[in-house]
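Asks: One-letter residues, chain by chain:
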Amino acid sequence: MFKSAGVKTLFMTPFCLWAGIFIFVPLLCMIWYGLTNDDEIFTPANLTLAFEPPYFKALLLSIGLALVSTIICLLLAYPLCLILTDKARDLSTAVSLLFILPLWMNSLLLTMAWQTILEKNGIINQVLRYFNLPDVALINTPTAIIIGMVYNFLPYMVLPLYVSLSKIDKRIIEAARDLGASYMQTFWKVILPLSLPGAAGGMTMVFIPALTTFVISALLGGGKLLLIGNVIEQEFIAGYNWHWGAGLSMVLMIFILINMAVTIFFDNSHEEVEEK
Amino acid sequence: MESKKFFALCILIFTLALTGCGLSAEEEKSDNVVYVYSWGDYLDPEVLEKFEEETGIRVILDEYDTNETMYPRVAEGAVHYDVICPSDYMVQKMIANNLLQPLNFDFLPNAKEYIGEDFFRQSQSFDSENEYSVPYCWGTVGIMYDKTRVEEFPNSWTILWEEKYKDEILMQDSARDALMIPLKIMGKSMNETDKTALKLARDMLIKQKPIVQAYVVDEVKDKLISGEAKMGVVFSGEALMIMLENPNYDFVVPREGTNFWIDSWVITRDAENVENAHKFIDFMCRPDIAVINFDYLGYSTPNIAVQDLEEDEEIRESPVAFPNPEVYSGQETYKYLGNDMDRYYNNLWLQVKVE
Amino acid sequence: MIVRLKFVYLAAIFLFLYAPIGVLMAQSFNESRYRGHWTGFTFKWYDSLFENEQIFDALQNTVSIGIFSAGIATIIALITCVALREFGKKPRAIFMGVANIPILNADIVTGISLMLLFMGMGLKLGYGTILLAHIVFNVPYVMLCIMPQFMSLDKSFYEAALDLGASPFQAFVKVILPELRPGIFAGFLLAFTMSADDFIITHFTKGAGVDTLPTEIYAELKLGIHPEMYALSTLVFFFVVIFVILFTMARKRLADKEVF
Numbered sequence: 001m002f003k004s005a006g007v008k009t010l011f012m013t014p015f016c017l018w019a020g021i022f023i024f025v026p027l028l029c030m031i032w033y034g035l036t037n038d039d040e041i042f043t044p045a046n047l048t049l050a051f052e053p054p055y056f057k058a059l060l061l062s063i064g065l066a067l068v069s070t071i072i073c074l075l076l077a078y079p080l081c082l083i084l085t086d087k088a089r090d091l092s093t094a095v096s097l098l099f100i101l102p103l104w105m106n107s108l109l110l111t112m113a114w115q116t117i118l119e120k121n122g123i124i125n126q127v128l129r130y131f132n133l134p135d136v137a138l139i140n141t142p143t144a145i146i147i148g149m150v151y152n153f154l155p156y157m158v159l160p161l162y163v164s165l166s167k168i169d170k171r172i173i174e175a176a177r178d179l180g181a182s183y184m185q186t187f188w189k190v191i192l193p194l195s196l197p198g199a200a201g202g203m204t205m206v207f208i209p210a211l212t213t214f215v216i217s218a219l220l221g222g223g224k225l226l227l228i229g230n231v232i233e234q235e236f237i238a239g240y241n242w243h244w245g246a247g248l249s250m251v252l253m254i255f256i257l258i259n260m261a262v263t264i265f266f267d268n269s270h271e272e273v274e275e276k
Numbered sequence: 001m002e003s004k005k006f007f008a009l010c011i012l013i014f015t016l017a018l019t020g021c022g023l024s025a026e027e028e029k030s031d032n033v034v035y036v037y038s039w040g041d042y043l044d045p046e047v048l049e050k051f052e053e054e055t056g057i058r059v060i061l062d063e064y065d066t067n068e069t070m071y072p073r074v075a076e077g078a079v080h081y082d083v084i085c086p087s088d089y090m091v092q093k094m095i096a097n098n099l100l101q102p103l104n105f106d107f108l109p110n111a112k113e114y115i116g117e118d119f120f121r122q123s124q125s126f127d128s129e130n131e132y133s134v135p136y137c138w139g140t141v142g143i144m145y146d147k148t149r150v151e152e153f154p155n156s157w158t159i160l161w162e163e164k165y166k167d168e169i170l171m172q173d174s175a176r177d178a179l180m181i182p183l184k185i186m187g188k189s190m191n192e193t194d195k196t197a198l199k200l201a202r203d204m205l206i207k208q209k210p211i212v213q214a215y216v217v218d219e220v221k222d223k224l225i226s227g228e229a230k231m232g233v234v235f236s237g238e239a240l241m242i243m244l245e246n247p248n249y250d251f252v253v254p255r256e257g258t259n260f261w262i263d264s265w266v267i268t269r270d271a272e273n274v275e276n277a278h279k280f281i282d283f284m285c286r287p288d289i290a291v292i293n294f295d296y297l298g299y300s301t302p303n304i305a306v307q308d309l310e311e312d313e314e315i316r317e318s319p320v321a322f323p324n325p326e327v328y329s330g331q332e333t334y335k336y337l338g339n340d341m342d343r344y345y346n347n348l349w350l351q352v353k354v355e
Numbered sequence: 001m002i003v004r005l006k007f008v009y010l011a012a013i014f015l016f017l018y019a020p021i022g023v024l025m026a027q028s029f030n031e032s033r034y035r036g037h038w039t040g041f042t043f044k045w046y047d048s049l050f051e052n053e054q055i056f057d058a059l060q061n062t063v064s065i066g067i068f069s070a071g072i073a074t075i076i077a078l079i080t081c082v083a084l085r086e087f088g089k090k091p092r093a094i095f096m097g098v099a100n101i102p103i104l105n106a107d108i109v110t111g112i113s114l115m116l117l118f119m120g121m122g123l124k125l126g127y128g129t130i131l132l133a134h135i136v137f138n139v140p141y142v143m144l145c146i147m148p149q150f151m152s153l154d155k156s157f158y159e160a161a162l163d164l165g166a167s168p169f170q171a172f173v174k175v176i177l178p179e180l181r182p183g184i185f186a187g188f189l190l191a192f193t194m195s196a197d198d199f200i201i202t203h204f205t206k207g208a209g210v211d212t213l214p215t216e217i218y219a220e221l222k223l224g225i226h227p228e229m230y231a232l233s234t235l236v237f238f239f240v241v242i243f244v245i246l247f248t249m250a251r252k253r254l255a256d257k258e259v260f
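Heads up: the protein sequence lines correspond to chains A, B and C, in order.
Numbering of the first sequence is given in this note's numbering, commencing with residue 1 and proceeding in unit increments.
Numbering of the second sequence is given in this note's numbering, commencing with residue 1 and proceeding in unit increments.
Numbering of the third sequence is given in this note's numbering, commencing with residue 1 and proceeding in unit increments.
Isolated chain A, as found in the complex (with noise of 0.2 Å):
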């Protein structure tokens, strides 16, 4: 966009500064007690660790309650969002400020919420009973802990969404119509592929702080799920262990790479690279 090599230079300068005092600095921090042990000797240990049982099962449990929360928020998002782009743009402030708004509630107290809500004798089954219908056990079981995290993690999904689909010209969707697609048809070759990169940043924004979390966990799986958030928080804290907590948190640095291939795969900009 700006041509010369300096005003590339000069606007990346503010973030490589930033980057190195806040994102490397600590990161190297962390390295270090991931890769030593109390003695300050170094040792691969705590990064095999994640291997052992207990650590491994935990972190199998997170991708998966992860993922599949991930892939829930991205089927309610999408149709949603749709509908929302056919409304008049002028809503489309308003609208958002709408979904953000639950989420300027303490998540804290909105998961207890839950809590109430889920509960043995929550409301879901208060309604239940009022209607003479046998209880649903919710409370305490991974449908808990997924039910939780769609709902902190839904608006991170709708947002970016609702952004670059409200971006695609009407005119394109009205053309590949008149063309003689279908509605499925338009939403597979055209909406899909243009909306990916909004979608990509949607499930990043879900996925990572899903596979971290532990509140939730802790709160609607009743603590008998453990995650690896839950273990990662527990060797810090509860015992004191900097040296595993780190070493288990650098594995998920795994994800960063996977994350950075997702990118790249769903960055639509290649033509313009062969441009150069």
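Honestly, the hints are just simulated from the structure, not real lab data.
Glycine residues also receive a C-beta, built at the ideal position from the N, C-alpha and C atoms.
Some hints could be false.
Claimed, not checked - As a list, the in silico DSBU-like pairs of lysine-lysine whose alpha-carbon atoms are at most 35 Å apart:
hint, chain 1, residue 1, chain 2, residue 2
1, C, Lys6, A, Lys167
2, A, Lys170, C, Lys174
3, A, Lys170, C, Lys252
Unchecked claim - Covered by chain A, per the in silico footprint, the following chain B stretches (three or more residues, Cβ under 8 Å):
hint, segment
4, 47-60
5, 173-181
6, 202-213
7, 218-227
8, 247-257
Fit chains B and C to the supplied structure of chain A, relying on the hints for placement.
Replies: The following block gives chains B and C in isolation, referenced to the frame of chain A:
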């Protein structure tokens, strides 16, 4: 475009208003301060006001929700607090890591006079010479059960293993508190360091897991009050709150023994306001102040003058609020078992939770 | 039929999003301090809320830290995205990955490592360090919101503006920024939200006596959440809803005027 300006203006006014208030609040700084780091809600705000009025010392209060989240902030020296209120084993850990300084009891006349001797004696298990800590709150751990829904009298921890209460049991979610129970059933010490005994305790907890409804921390109060579970492992201070809210519940300390916990005032090694810190601790030991804190908090107090000053008869006569000495005599208190043992406990607990 | 289906879907999502808020509101009128235990209707928590200076101090800190950290993070993210657009796919992905590190790390790792960093830098923990820490984890969220839009920008408009004699800066402000507005707005909102809700990072980077609403709430856990917090949540909720309605109406009126 107009609307954008309107919006920007709104935000600007809002921020200015907020920061304006923020700045004006910071102006009234004085050197005469004491930095206190205590459990959340452990002090009645009224008491702090009285202290500031009487002594002219400004209290800067920070609060934490567990010993373990407090510790790194103090150990790393993130903030130089003067007075802290850790629990027993944490006091010992802080002493061991050279984070505390000995108290000067000449400046603590109220502590010498009104804090029960029993509690100082019990404190010796974590503060061997009674040099570093003044007890502030204490209690036991027991079973809270719904009298209307549990037929038998649960005076043994083994009731928590009974199939018929499947999905009706709440357990504490922390390594020490959870392992304490099977250790007591086996007749072992809750400060056990023998790994075979600990592994047996772990296996008992794993066996118990299918009938446990949830592992909880602070949520236990809400869950019991609303009748989610028939019984739960709770601290005696919470027990009083639950009983006042829902009279169906009763609290019992099982016969195998329990944890006699004590939260104590200590002064940090790098405290900058040592004199003020002593004044603060002594103020908290004054009977008229202790009774205000007791009413606010509801946790048992080691202050021997409080029971007579308590105005509410129901509470004054409550054996949960003011237990007989026999409830706690001969009971153990948690000790700091060293870093390696802490991690071992922690690891066993992880193994239970991941099953 | 399809219109009705759409309506039902929207209603279901809104019910899902707002049900817990309904519970919070109900609690703010509950006589009992404990969750899920209804003992009667009362306004007393609202009374005591207005006498509670501590909560308002915390609210002030939360809102001002939220606005400043989100604002600064938005500026940093915007500048970075401008530069990143010029990079090839791979370096861009690497930079984005680096930016995402603070949110991928478990909060506690970010919190403790930032605490150590600030102490190493000789900073006194307080309001400023909380603000810095919040900017750290806010930048990636804003970038994730702005970047996709930036990539799909049609640069011919920008070039046209240059051809018509605009300076690059003018062209950027007049042509690019308006196009990016929804993304910037969404990023700012998300960043504000993250900041206002963060507990752990704040816990480790805060100084004595500086509290935000989340640290206040966590401290209350041991003896039970003070229902004043529910009352405050209810008030904030209505405040924002009214603001949104007024804002939309004002925009509509302006838009109507512009037509004439």
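Asks: Going through the numbered hints above, which ones does this structure break? Give me the numbers in ascending order.
Replies: 4, 8
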